[in-house]
Amino acid sequence: KAGVTQTPRYLIKTRGQQVTLSCSPISGHRSVSWYQQTPGQGLQFLFEYFSETQRNKGNFPGRFSGRQFSNSRSEMNVSTLELGDSALYLCASSWTPLGQGLRRETQYFGPGTRLLVL
Amino acid sequence: AQKVTQAQTEISVVEKEDVTLDCVYETRDTTYYLFWYKQPPSGELVFLIRRNSFDEQNEISGRYSWNFQKSTSSFNFTITASQVVDSAVYFCALSEASGTASKLTFGTGTRLQVTL
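Note that the protein sequences, when read in sequence, are chains A and B.
Note that the first sequence covers residues 1 to 118 in our numbering.
Note that the second sequence covers residues 1 to 116 in our numbering.
FYI, nobody ran anything at the bench for these hints, they're computed from the structure.
The beta carbon of each residue, even a glycine, is placed where N, CA and C say it ideally should be.
There could be a bad hint or two in this list.
Derived pair list, reagent style DSSO-like, types lysine-lysine, alpha-carbon separation capped at 27 Å [to be verified]:
#1 B:Lys3 - B:Lys38
#2 A:Lys13 - A:Lys57
#3 B:Lys70 - B:Lys3
#4 B:Lys3 - A:Lys1
#5 B:Lys38 - B:Lys16
#6 B:Lys38 - B:Lys70
#7 A:Lys1 - B:Lys16
#8 A:Lys57 - B:Lys16
With beta-carbon atoms standing in for the labels, derived distance ranges [claimed, not checked]:
#9 A:Gly40 - B:Glu26: 33 to 39 Å
#10 B:Asp18 - A:Asn59: 44 to 50 Å
#11 A:Asn77 - B:Lys16: 43 to 49 Å
#12 B:Val46 - A:Thr7: 32 to 38 Å
#13 B:Ser74 - A:Gln17: 23 to 29 Å
#14 A:Ser70 - B:Val13: 32 to 38 Å
#15 A:Pro8 - B:Val46: 39 to 45 Å
#16 A:Arg63 - B:Thr72: 23 to 29 Å
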C-alpha cells in the first residue's frame, strides 16, 4: 500500500500570502490529522478530519483551516501568512473502525511540507 | 490536560552501546495509548510502537525494546547495540481515548547521535 503523500514538499511564500497544502491518506484510511512542527514549539496538533467533518481542533488561530473531501484527501489552508508560520506541516492518516468506541488507531505520517515564509 | 515529557534533549553514544530514551506522561484518562515515533533527517515521522493503557507487557522487536510502567507513568525505549542508522530524533506521544477524536500529544523529542 502506498503511504501518506503530501504536496508540495517545499514551499516559499511571503508574508500576507495564503497557502494550501494537500494530503492523500493511505488507501482505506478515513481520518486525517494535521500537525505543525517548529523548533520552538515542537509538534503541535492542528486539526483532525473524519468523513469530511472536523472532529477536533488544536489551539491555532482562525487563519488555519482545513477540509476533507469525499475520497478522504485533505487540504489545509493558511491565510495571511506570518513569519512564525514557517514550519514543517505533517499530515497523518489512520484507519477508523466502524462503531468508533474508545480505540485509537495508529497515525501514519507523510513526509511533510516544509513552508518558509519570508 | 495530557502531557508528555522527554527530559533528554540529546544523547550521543558510540556504535554498539545500549541506549535508553525516557518518556514520562500525564493524563487523567484511564484509557489511553502511547506511541513512539522516529524522525530521521528527511522529516517523516516513522511509527515504531503503540501500547494501550491496559497492556503493561514489555515488548521487544529486534534491537528495540519498550518498558511500560503505569505506576511511574513511564514508557521508556531501549535500543540495544546501537547503530549509526539509529541516529534520529525520537518522539514519545500520548493519545487519550475519551471523545470521538484522536489527537497525539508529543514530547519534545530526544535527538540520538550514534557515532562510529
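To see whether the hints hold, each was checked on the structure:
1. B:Lys3 - B:Lys38: holds, 19 Å
2. A:Lys13 - A:Lys57: holds, 25 Å
3. B:Lys70 - B:Lys3: It holds: about 15 Å lies between the C-alpha atoms, which stays within 27 Å.
4. B:Lys3 - A:Lys1: violated, 33 Å
5. B:Lys38 - B:Lys16: holds, 19 Å
6. B:Lys38 - B:Lys70: The given pair, whose Cα atoms are some 23 Å apart, holds under the 27 Å limit.
7. A:Lys1 - B:Lys16: Cα-Cα ~34 Å, so violated.
8. A:Lys57 - B:Lys16: violated, 43 Å
9. A:Gly40 - B:Glu26: 33 to 39 Å: Once the Cβ atoms are compared, 22 Å apart, the range 33 to 39 Å for Glu26 of chain B and Gly40 of chain A is violated.
10. B:Asp18 - A:Asn59: 44 to 50 Å: violated, 38 Å
11. A:Asn77 - B:Lys16: 43 to 49 Å: holds, 48 Å
12. B:Val46 - A:Thr7: 32 to 38 Å: violated, 20 Å
13. B:Ser74 - A:Gln17: 23 to 29 Å: At roughly 44 Å between Cβ atoms, Gln17 of chain A and Ser74 of chain B fall outside 23 to 29 Å, so the hint is violated.
14. A:Ser70 - B:Val13: 32 to 38 Å: Distance hint for Ser70 of chain A, Val13 of chain B is violated at roughly 48 Å.
15. A:Pro8 - B:Val46: 39 to 45 Å: At 21 Å between Cβs, range violated.
16. A:Arg63 - B:Thr72: 23 to 29 Å: violated, 40 Å
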